[in-house]
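These two chains come separately, so use the hints to put the complex back together.
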Amino acid sequence: MSQTDTTVGGVEAPPTRDRSRPYWTSRRRDQLTGYLFIAPQLLGSLVFVILPLILVVWYSLHEWNVLAGTFEFVGTENYANLADDTNLGSVLRATGLFSVGLVVFNLGLALLLAVLLNQKLRGTIVFRTLFFSPVVVSLVAWTIVWGFLLQDNGGVNGLLDTVGVDGPNWLRGEGTAMFSVVVVQVFKNVGLNMVLFLAALQGVPAELYEAAEVDGASRLRQFWRITVPMISPTILLTSIITVVGSLQVFAQIAVLTQGGPGTSTTVLVYYLYQQAFQFHHFGYGATLSIVLFVIVLALTVLQWQMRKRWVHHES
Amino acid sequence: MNRDLSPRTKLVLYGVLLVLAIPFVFPTWWMVTSSLKPIADIFSFPPQLLPTSPKLDAYQRVFELQPFGQQYLNSLYIALVVTVGTLAVAALSGYAFARIRFRGQNVLFLVILAGLLIPSEVTIVPLFQMFFKLGLVDTHWPLILVPILGAPSVLATFIMRQFFISLPGELEEAARVDGLGRFATFSKIALPLSRPALGAVAIFTFLHSWNLYLEPIVFLSSPEKFTLPQALTQFVDAYGGPMWNVQLAAASMTALPVLVVFVIAQKQFVEGLAHTGLKG
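Listed in order, the protein sequences are those of chains A and B. Counting from 1, one number per residue, gives the positions in the first sequence under the working numbering. Counting from 316, one number per residue, gives the positions in the second sequence under the working numbering.
Bound conformation, chain B alone (with noise of 0.2 Å):
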């Protein structure tokens, strides 16, 4: 398919590139020049695309309507720590599953690979009675843990075993002869070298975590302990009607981190995500 094209070819490719870029583009547009617009102007028609005066005030609404910075910080420290713990997990299982021999060791894979067929959906009820026994609804502990044990680290130690499996195993076994134990060869050899397959896991993770919407809305109750994609909805008038300019404010708040982190790094991104997938 890697053919040249004639220049007529390639205009007629740009237009089509444009006009399907639009969906993806213009949301997101819309999204942060509404915010900055008066109720009033949001609805008008023909539609503004930029906002005639911008202003502030939905993002000062946003703070005064619920524990909006108190929410950040819980969505932004739990993912962290998601993030660092999966890595951790998946690391080490990885790396076992890949590089020693364990009896038992194919049984325990399979044991801990049901994880993938098995979505957190389908145990939910029952995860929320088990915390609910331990006194645990209400707290972070259930979005923490079970991301970092359970089935969402499951896709994590199953690419970071296939990364291990595909290193050459020389520079291993030359540490081993030099005395090396087999911890300090994990992270001292193979660990920096799988470099890339824990940048696409981190990244995968943070965003699973960062999107997670049902698990918070079943475990959480109290408003200063929510996470962001579940305070985006509480944003509601008396008559239960969406406020849709702070709305689309704490929207903006939530999507651009991302964003902006994105477009610094979307090489890594995009191609982390590309690898990681044809891994798995």
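In isolation and in its complexed conformation, chain A is listed as follows (with noise of 0.2 Å):
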């Protein structure tokens, strides 16, 4: 970029700079402002994103016992202590069935609210408000309320009694727990992915249905063939957001489940949670974090990848 600075006109200008020009051209000026502008971002990332990354690795090598003072250096023993821990397994597992079942569901249900709003039909505004209204009301609050409903004598019961079914325990069952943290937290957030594939469809050219029609499509051939092509890079996009978001569950897990029964709803990031700061397991709290950060890696490279795939057009 320099290189432009001392042509003029294609002709080459002197190697030594010319005195009289001042050395505060627009240029310069410019890439100083660029500079300056970004400068907050840019040490934010450094000092908030690129620095505590590194230092969890280091912490990751370390014993670090805050109520005992204790700093030591220990290499890869709390690697080690993954293969060995009993709980891993099982968190995992947990990990995993959430993000499935909160993908399938929430882009199932999202892309199915998207449709019926997408038909001609009065009042669909309405009910892409209500639809959507979750969204904005406070996590905690709306976890709360959810776990006030799932009691075994709370308001979902309550509302299965009258239609004759006697529900379960729903958050202290092995099995119901992990649907119902799911479920809370599809109806919670579906709304963002239903306006997100909203958007899409109506960017769909009316013209390639009417040409199926003619062809004598049937409406389901036609979902398939015409509408998932045609949105399918919002359906990916959606599908990074989700997965991405679904291993940062946190604040439903400890408001609902607080993990349990036993460790069928410990997630990730709340074991990590337990690990570091209730039994101030610091040196394992930060290697639980680097099995986190390398699944987030994987699973969005993976995504990128399959994107070749599937991913029908680019805009």
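The hints are simulated quantities; they were obtained by calculation from the structure and are not laboratory data. None of these values were measured; they are calculated from a predicted model. Some hints could be false.
Said to hold, decoys possible - Calculated lysine-lysine pairs in the DSBU-like style (CA-CA distance at most 30 Å, straight line):
#1 Lys120(A) - Lys188(A)
#2 Lys325(B) - Lys120(A)
#3 Lys325(B) - Lys188(A)
#4 Lys370(B) - Lys188(A)
#5 Lys325(B) - Lys582(B)
#6 Lys582(B) - Lys188(A)
#7 Lys188(A) - Lys540(B)
#8 Lys120(A) - Lys582(B)
#9 Lys448(B) - Lys540(B)
#10 Lys503(B) - Lys582(B)
Here it is as structure tokens:
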């Protein structure tokens, strides 16, 4: 870039700087402005993202007991402990179950709602508002209400009773606790994905459907052959957002189940929190942070790779 | 999919939509109505959809049991400061990456983008240690500084950059030719044009801060410094069981302001976020 500084009208400028020209040319001033503009974000990223990421690797090689005030280098011991940790298997399983459940239910319901609201129907804006409204309700407030509703004698079972069904104790059952947490989270945030899908659906040209109609293709066939390929970039985007978001779930677990019953809903972030901030095993907590980071990284890379296969057109 | 429907199909669709709406609307309804019921009526059978004799006792208890007013103010001012700060930081850096050419631009952009790949949960242990060493644990600084400057604002920077790239450059060039400096061009021309993007970023930043839970419970220990999500879970009786009507009253007070703003401005809300998501 500096090359253009010394070239005026295609003629090479003399190697020594022309003293009659001011040092602060508009190009130089512009460069400095650029650096000043990005400075807060760049410094913030270095101090609050990159540095902690390096530190978390460093801490994972140490045994750190805050209560005892000890901090000693233990090499890969924490990583060896991962293999011996009898909880880790069920933690990873719970994390995987939550992610898969969330992605399937969330994307499925979001797409269903978006397709329904994309019909020529009066009052769709009212329904869109209703489906979206939990997004703006405070997360913990929403979770508390569901905790209240899902109790053994709570509102959900009360409603089930009126139709003669004896509901289980949702949050205390090994089989139903994870399902309940997923469902609570889906209703909270499905509106976001629904809105993204709606925007994508409205971008599909109507002529495509008209042509398919002429060819006699059924509605279902049109959905799979036209709609899904045309909105596949949005499906990719929402699935990345949803998967990464699902790995970060914490408040819902802390409020609804505290990881129980047993460890059936102890997801990775909740386990990390327990180890580091409840049991004060900061070194092991740092090691679990790295496990989380590796999973997030691997899934994001994987999804980008898959993009080539199933994203039909890139906008 | 936008074809005219027969009246029968329409009726079926309305039925399906109404049934689907129940789990989205019922919890908020149940939260507000139950908070007005005496504790004995909360679990009555069959469930009462409306309180028989609404009482505000639970709302009064909320303020007696905790410094709830203070906690409300904490959440409010933290979310506002974080929103304004994020807008400033993200607009400046987003503009620079979109519109100004400087050396090392691409590398620096990648350094910042790394924040998108690193969830804040991954760095919570070192961040706690850093703030502990600085003596800033049990203050609001970590809840303000990290969101404004750290990973959460990276998405905002990315969205602002995408928006500034999509703006036509002629206006700015004209302003530059007329002798306007970079900052003046940015603040007088580009920034006013970017109101839709700023609005969307403001909405999701505010919601993110308002909902934060892990960070407050890690960093804060004094009840008068708590934020709302953290405070909500503290209404328990002597045996550690939740005091439901009090919790639900507090939850209602937390949920309602944002919900009311949303109902008034829902078009901007939804479209802003849809816009953001597509750009991101």
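How the hints compare with the structure:
1. As the CA atoms of Lys120(A) and Lys188(A) are separated by approximately 26 Å, the hinted pair is consistent with the 30 Å bound.
2. Restraint check for Lys325(B) and Lys120(A): the C-alpha separation of about 9 Å stays at or below 30 Å, so the hint holds.
3. Distance restraint check for Lys325(B) and Lys188(A): the Cα-Cα separation of roughly 27 Å lies within the 30 Å cut-off, and the hinted pair is therefore satisfied.
4. The suggested pairing of Lys370(B) with Lys188(A) holds, with an alpha-carbon distance near 28 Å, which does not exceed 30 Å.
5. Our distance criterion of 30 Å between C-alpha atoms is met by Lys325(B) and Lys582(B), whose separation comes to about 24 Å.
6. Distance hint between Lys582(B) and Lys188(A) is fulfilled; the C-alpha atoms sit about 19 Å from each other, no more than 30 Å.
7. For the hint linking Lys188(A) to Lys540(B), the alpha-carbon distance of about 27 Å falls within 30 Å, and the restraint holds.
8. Pair hint Lys120(A) plus Lys582(B) holds up; C-alpha atoms about 19 Å apart against a cutoff of 30 Å.
9. Restraint check for Lys448(B) and Lys540(B): the C-alpha separation of about 19 Å stays at or below 30 Å, so the hint holds.
10. Restraint check for Lys503(B) and Lys582(B): satisfied, since their Cα atoms lie roughly 27 Å apart, inside the 30 Å limit.
When the structure is compared with the earlier hints, no violation turns up for any of them.
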